[in-house]
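Chemist: If you're matching them up, the sequences are chains A and B in order. Number 174 in UniProt numbering belongs to position 174 of the first sequence; there are no gaps in the numbering. Number 68 in UniProt numbering belongs to position 68 of the second sequence; there are no gaps in the numbering.
Any given hint could be a false lead.
Since copy identity is lost for identical chains, a pair holds within one copy or between any two.
Stated by the list, open to error - Below, simulated BS3-like cross-link-like pairs (lysine-lysine); rule was C-alpha separation at most 25 Å, straight line:
#1 K20 x K350
#2 K2 x K218
#3 K24 x K218
#4 K20 x K121
Please keep in mind that the hints were generated in silico from the structure rather than gathered at the bench. The structure displayed is predicted, hence computed values, not measured ones.
Protein chains: 2
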Amino acid sequence: MKNVKVILWGLGAMGGGIGKMLTKKEGVDIVGAIDIGAKLGKSLYDVVPGIERGNREDVIVGTAEDVIKPGAADIVVVCTDSFTSKVYDKLVFVMERGMNVITSAEEMAFPQAQEPELAAKLDEIAKKNGVTVLGTGINPGLIMDLLVILWTGACETVDHIVSRRVNSLSPFGPAVMEEQGIGMEVEEFNKKKADGTMAGHVGFAESVGMITTALGWKLDKFEQDMEPIVTDVDRKSPYGFAKAGQVAGVAMKGWGYVDGEMKIEMDHPQQIEPEQVGVHTGDYVEIKGIPPVNMCNTPEIEGGIGTMAMILNTIPHVINARPGLKTMIDIPVPRAIMGDMRDQICEECKIVK
Amino acid sequence: MKNVKVILWGLGAMGGGIGKMLTKKEGVDIVGAIDIGAKLGKSLYDVVPGIERGNREDVIVGTAEDVIKPGAADIVVVCTDSFTSKVYDKLVFVMERGMNVITSAEEMAFPQAQEPELAAKLDEIAKKNGVTVLGTGINPGLIMDLLVILWTGACETVDHIVSRRVNSLSPFGPAVMEEQGIGMEVEEFNKKKADGTMAGHVGFAESVGMITTALGWKLDKFEQDMEPIVTDVDRKSPYGFAKAGQVAGVAMKGWGYVDGEMKIEMDHPQQIEPEQVGVHTGDYVEIKGIPPVNMCNTPEIEGGIGTMAMILNTIPHVINARPGLKTMIDIPVPRAIMGDMRDQICEECKIVK
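Same shape as in the complex, but just chain A (with noise of 0.2 Å):
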């Protein structure tokens, strides 16, 4: 069987991150790259820091015009965006010439949480074009909701679910420390959270969607808050700086409605040094049921390098799922690909044959 064929779309520090680990990986090889502005016409191996040519054969920068040709790969990795309204057209492009298509937008983990229609017209072109598209990534897509969901196969009766993560922001970049307001007034930020460009953590409405539907839960109402973090002492990360009295993270909070009761109590401050005061970061699952769960996994699992395994590992799921739109309870559970990821793959799914 052929090496695994790759396309990258979105070279910036996921796109490019995942570009980095797939180098380190057997039977799979980066076949193609889509970027704008300065990456164009330059070297993939230039473009992505880190990221080590070895003996490959070089790959140029191109538009996605140049790039996404029908046979050209199995799957195109899009990480350009969060939103599905804003990837959409990027992931039909991919499809209707022929290639499966897996993205990090969050919002693509369960886009039929807010975009219903989008949702099922990914789902029609994908089946059209004999195709798979999912979304993933740590969260959403595992650790608020999937995880979750495992731990409830072991259940007859689930009452309520709390799904919590304390994080740190810490390791992140200063895209990340801008989106979550590390360094802003009080003011503004409550200004922007009013006005509606506050953006915190986007996913709770897919975590949610996941589990009410894998569980067969019709949701009533769905509705989240945030909160700004104020520290009480100045905190500093590699790139956020909050200064006492200024924001440090954001405190999200949701709530899932099932026939009329609180069922779903998602719970996720993010913060950057939340070890400064004393937050013990951490993933939890508790569940009210029969049998009862009380899950802890501390420190929180690493976001970053998270979301570009959970993407790298379900590569092969995607390319061997049924055509049409997937999220994370559709497929096998991921795992990690410790060996030749040409052993995961069903020959008669591939696409480069």
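Chain A is already provided as a structure; the job is to place chain B on it using the hints.
Modeler: Showing chain B alone in chain A's frame:
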């Protein structure tokens, strides 16, 4: 869509318990029951403790020949044995009559590990008959294998895995007390261990096989050992008793070697009344990798209900799967079925239309 139709083969603690659980779910009917001896000819609802018939049609316990007829059900739940070789004929009997089959037999969670020839035959027979066969339970099937695999999905690399389950045997009945040597003298335990008649936990070879296969590791060697847990104080559980100096449980350990290195460590001490001697029960996953994982679930998730739930909750996945022998790494994650079971079924895969 018609309700999902289920036949129960084996009405002991496990099969009967699954039957009782099924009567509390929507969209699913028990349409047949098979057992031997005094249960034959009686009503399922008289034979299984605590099950409620309600308005349901009666189900009379019959022989396999009476009950397993083409088109009689979508799936048969076989809870009669622990070993692949013992349950093999029953699985074939069902599949040759065109029905899917799921079993609690521990070795069937990954029969490729210890019975590769039977596993290949089961896969062939399943495909020939267009049906699916799966073995599952809480362990093997979830806690010491699938859960570990799920966590690795967020890892770029995995160097070493510890999978630990420290559980209480106190909720279990007389059969488990005997299997696990509760109340035995140490000398007798060692004699039975030496002559291979001390069962201990069945499943390490299967869990290690599942993990290595999922990750693409080539397993060089698998070893396991068991030691008696000798109590310093008298311990009494509802069905078990161990005097000071006697066996209160079995500590199983297992090791999986990859490329000459011990990569997977399995650790599973099971005993009655662990709290009495200060042992805290729980489920643990420790992964040395990038990133690392350090998970615990305390106390451990209950094994009896957990296994029944796992089997019930994977019924839709087995019906929906492509034909063949499947294991938990081939199908979507298990989840509690809290709505109508038919909502989880793909119509074209249903047998009883």
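Chemist: Treating 25 Å as the Cα threshold, decide for K20 and K350: within, between, both or neither.
Modeler: within (23 Å within a copy, 44 Å between copies)
Chemist: Tell me, please, which holds for K2 and K218 at an alpha-carbon limit of 25 Å: within, between, both or neither?
Modeler: between (44 Å within a copy, 21 Å between copies)
Chemist: Indicate which option fits the pair K20, K121 if close means a Cα-Cα distance not exceeding 25 Å: within, between, both or neither.
Modeler: Neither, since 32 Å and 42 Å both go past 25 Å.
Chemist: Is the C-alpha distance from K24 to K218 at most 25 Å within one copy, between copies, in both cases, or in neither?
Modeler: Only across copies: K24 and K218 sit 18 Å apart there, 43 Å inside one copy, limit 25 Å.
The structure fails hint 4 only (numbered hints given earlier).
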